[in-house]
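Residue numbers (the numbering used here), protein chains in the order written: chain S, 4 to 513; chain R, 6 to 426.
Simulated from the structure, these hints should not be mistaken for laboratory data. Errors might be hidden in some of the hints.
If you anchor each label on the Cβ, the simulated ranges turn out as follows [to be verified]: (1) R:Glu160 to S:Asp391: 51 to 57 Å; (2) S:Val386 to R:Pro153: 43 to 49 Å; (3) S:Glu184 to R:Ser375: 56 to 62 Å; (4) R:Arg372 to S:His381: 34 to 40 Å; (5) R:Glu265 to S:Ser78: 49 to 55 Å; (6) R:Glu423 to S:Tyr95: 50 to 56 Å; (7) R:Lys342 to S:Thr224: 50 to 56 Å.
We treat Cβ as the ideally placed atom computed from N, Cα and C, and that holds for glycine.
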Amino acid sequence: MNPEELDLISRDEAPILDTMRRIYSAVPVHHLAAIHGKIVGALAVADAIVDALPLIHGPVGCAFQRKLNPFNLSSTFYDTPCTNLNNVDVVYGAEEKLCRGIVEAYERYSPRLIIVITTCTTDLIGDDVEAVVEKAREMVDCSVVYSTGDFVGRSRPVGIQDALYAVADQMICREDVERNEGSVNLINSPTQRNALKFQEVARLLTKMEIKINKICFDHTTTEDMMDLARADLNITGYRMPWAELMRDKMNVDCCKITGWDRYNKEKDPELISPYGIGGSCRVLKEIGRIMGREGEAEPVIKKNRTAAEARLEAASKELQGVKVAVPVGFSLNLLKDIGVDVAALIYRTQTLSHGLTERAVREIERANLSLAELYGFHPELLVNPTPDKELKTFKKRQVDLVMAPAKIAHFYNREGIRTVDVSDFTQTKLNVGFLPSIELCRVFREALGKVRVRSPLLDLMEFDGGISNLTPHWARTALSFHHLRSKNFRDGSYYNFQGLAGVELNEHNI
Amino acid sequence: MSTIYDPLFDCKMVGALRAMHGISDCISIIHGRNGCHCGALLLQTLGSEQNSVRVLTSGLKASDEVYSGEERLSSAIRLADQIFGPKAIAVLNCSAPVIMGEDVEGLELFLEDETQSELIAMDAGGPEGPAWLGYEEALTKLVPRMRPNEGKPREGINLLGFKADDFCSRGDLKEMKRILRDQNLPLNSVLSGSSFEEVKQAPRAELNVLLGGDGLDCARAMEEEFDIPYISVPYPYGLKNSVQFVEMIGGALGMEADPEVLETETEGVKEIVERAHMFFQGIYSTPVAVIGESGRAFDLAEFLSLELGMDVKLLAISSRNFATGEKMTAKDAHYQKLMIEPDRWDMNRALEASGAALIFGSSFEKRIASKLQASLLRVSYPVIDEISLSDLPFAGFSGIAHLCEKIINSILTRNKDEVKA
Chain S
4 MNPEELDLIS
14 RDEAPILDTM
24 RRIYSAVPVH
34 HLAAIHGKIV
44 GALAVADAIV
54 DALPLIHGPV
64 GCAFQRKLNP
74 FNLSSTFYDT
84 PCTNLNNVDV
94 VYGAEEKLCR
104 GIVEAYERYS
114 PRLIIVITTC
124 TTDLIGDDVE
134 AVVEKAREMV
144 DCSVVYSTGD
154 FVGRSRPVGI
164 QDALYAVADQ
174 MICREDVERN
184 EGSVNLINSP
194 TQRNALKFQE
204 VARLLTKMEI
214 KINKICFDHT
224 TTEDMMDLAR
234 ADLNITGYRM
244 PWAELMRDKM
254 NVDCCKITGW
264 DRYNKEKDPE
274 LISPYGIGGS
284 CRVLKEIGRI
294 MGREGEAEPV
304 IKKNRTAAEA
314 RLEAASKELQ
324 GVKVAVPVGF
334 SLNLLKDIGV
344 DVAALIYRTQ
354 TLSHGLTERA
364 VREIERANLS
374 LAELYGFHPE
384 LLVNPTPDKE
394 LKTFKKRQVD
404 LVMAPAKIAH
414 FYNREGIRTV
424 DVSDFTQTKL
434 NVGFLPSIEL
444 CRVFREALGK
454 VRVRSPLLDL
464 MEFDGGISNL
474 TPHWARTALS
484 FHHLRSKNFR
494 DGSYYNFQGL
504 AGVELNEHNI
Chain R
6 MSTIYDPLFD
16 CKMVGALRAM
26 HGISDCISII
36 HGRNGCHCGA
46 LLLQTLGSEQ
56 NSVRVLTSGL
66 KASDEVYSGE
76 ERLSSAIRLA
86 DQIFGPKAIA
96 VLNCSAPVIM
106 GEDVEGLELF
116 LEDETQSELI
126 AMDAGGPEGP
136 AWLGYEEALT
146 KLVPRMRPNE
156 GKPREGINLL
166 GFKADDFCSR
176 GDLKEMKRIL
186 RDQNLPLNSV
196 LSGSSFEEVK
206 QAPRAELNVL
216 LGGDGLDCAR
226 AMEEEFDIPY
236 ISVPYPYGLK
246 NSVQFVEMIG
256 GALGMEADPE
266 VLETETEGVK
276 EIVERAHMFF
286 QGIYSTPVAV
296 IGESGRAFDL
306 AEFLSLELGM
316 DVKLLAISSR
326 NFATGEKMTA
336 KDAHYQKLMI
346 EPDRWDMNRA
356 LEASGAALIF
366 GSSFEKRIAS
376 KLQASLLRVS
386 YPVIDEISLS
396 DLPFAGFSGI
406 AHLCEKIINS
416 ILTRNKDEVK
426 A
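All chains, full assembly: derive it from the sequences and hints.
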């Protein structure tokens, strides 16, 4: 299928949508002062499949309160029917209720897929949800799957990964699938739902004579999910156990574009990022190799790379040598492409320590420094700096631009340092391909044209010295949260760590 | 009756949290899994008091469900006491630990000499009941903490059933205080919208006043314990309810409301109507729907119907209270159709059938309002997509102008070209 026929531009990208995303960015959820539970993740999956319905097997609170969608606070989950458990159900079990609930949900909402989501209550009382779902499938004319949060171990975000695994295991993986030979699925997170991001890569793959079977998630239907099984390859952004399951059960190979596994084998930091001109060429070649299209891939990559480099040269002229301060985690490849000079690298490790070992945290630091050296950057590394330390360094290194989200921009602007917010770029543009580097030039050029010094009203209030995007009260709340969830919760004093200011929600830190 | 239910109300824990969070120097610990804490925290954070969110987690993990989470909870209590120095710590025991049989009340006794803060623990598991029962029970839990008046003359009133996280509640409370002050009716404590010390001093009042019937359990307990009588007054939406608010309280205290003050207030309202009288004429007979908690929505519907002349096609009570039954059977109902705690699915069908041009509801009605091309006025809990910083009230005499300008503007500002049948 030609990507132009895929109706890729299905979302209205009005500027207000970016603002709606940004306005909630300072709310400290996602491991800062709270973590949403598995139900919300599973709801995000149900919400991403347009004709699916979640059915929460639990009491009313699990259905009402979970309407709040921490992945997208401007948009609540709308239909969240539940089995309305009470104390009697807790004592006698609620299997019958669930079975009736599935049938009623089908009759009322006519979905193509019902995703049963269990809750603390039903997990503890030990309802045999699997048996109930199996029985109910006979009674409805739609697919029914269930997600308990137990299918994927510690793969994060658990609710999303588990629900997708449930969909793959209980619905997608099946016999007698008519294959769409030579095709791939392009898969992003169900919380993003922006197929527009895949437009370029889809076009490039098509030119490499690789067919696009499905792009999800964006207006994805249950049938689209079923059709995922027809492809030869799933291309995912990060590790997805459900894609691995499809590889094992359906022989649909999987290719994870982020490259920490490859880096671990070869210790080549250029293998980490799939983005920018270098990263994209590598990923496209790899896909070509997996699909047996190396010959077709080579000229397509070469031609598009040459064209992009010519455009980049013009687009990046005024960015040459501009000194920037960048958080560790953003692709240095892209910064090399646009010609800026990385003068400072800010490494905030606190939320990483929740999911990564200390060794992994240090390895990320090493890899980024090696990559910086490779690209001829000589940045000063600031690990969990205090705001004062940051400013001193930026002034000493004559930093022109700090890469910082809107929520902390005021802190730099009052000191006369411009900021560039790449959140929208990473949300809506960043992907494998040659165009993101050109788009990033525009984002940086625009940032350089903005007012240098401002007197934000936000400066009237006090922010915490360590966690500079939070007030002292919220910083204490965040620190308490981390302490109480840690293994050292018995200790009298809680962790004294600093600086969560630049932490952004992305697939790698949730 | 359906097995499945898409609720308009929350669980017991959130009701209890709403009561406890209204106490300005109380911190709440959610003893439950991540999701319960995250939801509770967000409900408080997405409003207009972001500098005063006091919700912690005990950090309960799956492994604690096997080995008990009481030790983790003890750590959370000690930490809250040391780091935040609150006057009270509310421990809300959620579904999982309730089923596990965690003894939070025992823990309260165990730790009471160790902490500077007073501990108030209660079971608030989801299967145990709805939010309004949690709210009632939490307020009642405060009664044993109150100090008897010991011979001093009683003075003033307590307001019960106030909810600090209701939209525009800060403005509402200010306005109610103003109205009472103008009538020489001193306000003693607000449950819950006071400091913990003020709550403890609630028995100093000579009368408990229930807003819209909320807080009845607590009022009964205070009557039994401290011999304080109580009355239930309408939530003062509009002119009639505001006058009634004043007259009922005054009457219960053996005082007559100052007619001059009431006349001045009425004159003020008249002036408001005169300034935009053509639009007031225009909204007369507009079909509307009201969705909200029992303690507010009946009175709002009455104001819209009685004083603005709107046709309340549907009144959906999202969460009941002890007074709901009585209100349901009241004569001269100001609505055409009444639904009590309906399933959202059924309510949406009723909304579609109602032909309402305006919906008075919560943020969760956003999508149905959009689907029906109706204007949504956010007045009911929870409002998580609009803020209120100007402290303009919805309640009282001053609230009339604010409510009416919101109503009229919600129609005037619509882009007609975007509204399709």
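Notebook entry, point to check: Quick one: are Val386 of chain S and Pro153 of chain R within 43 to 49 Å, going by C-beta?
Noted result: 58 Å Cβ-Cβ, so the 43 to 49 Å window is violated.
Notebook entry, point to check: Can the suggested window of 56 to 62 Å be confirmed for the beta-carbon pair Glu184 of chain S and Ser375 of chain R?
Noted result: Given a distance of about 43 Å, which is not inside 56 to 62 Å, the answer is violated.
Item checked: CB-CB spacing for Tyr95 of chain S and Glu423 of chain R relative to the 50 to 56 Å hint -> The hint (50 to 56 Å, Cβ to Cβ) holds, given that Glu423 of chain R and Tyr95 of chain S are roughly 51 Å apart.
Checklist line | Consistency of beta-carbon spacing, His381 of chain S to Arg372 of chain R, with hint 34 to 40 Å | finding: Violated - the Cβ-Cβ distance for Arg372 of chain R and His381 of chain S, about 52 Å, lies outside 34 to 40 Å.
Note to self: Please check whether Glu160 of chain R and Asp391 of chain S have a Cβ separation lying inside 51 to 57 Å.
What the structure shows: Check passed, 53 Å falls within 51 to 57 Å.
Next item on the list: Indicate whether the distance between the beta carbons of Lys342 of chain R and Thr224 of chain S respects the range 50 to 56 Å.
Entry: violated (36 Å)
Checklist line | Hint check for Ser78 of chain S and Glu265 of chain R - Cβ pair distance inside 49 to 55 Å | finding: holds (51 Å)
Hints 2, 3, 4 and 7, counting from the list given before, are not met by this structure.
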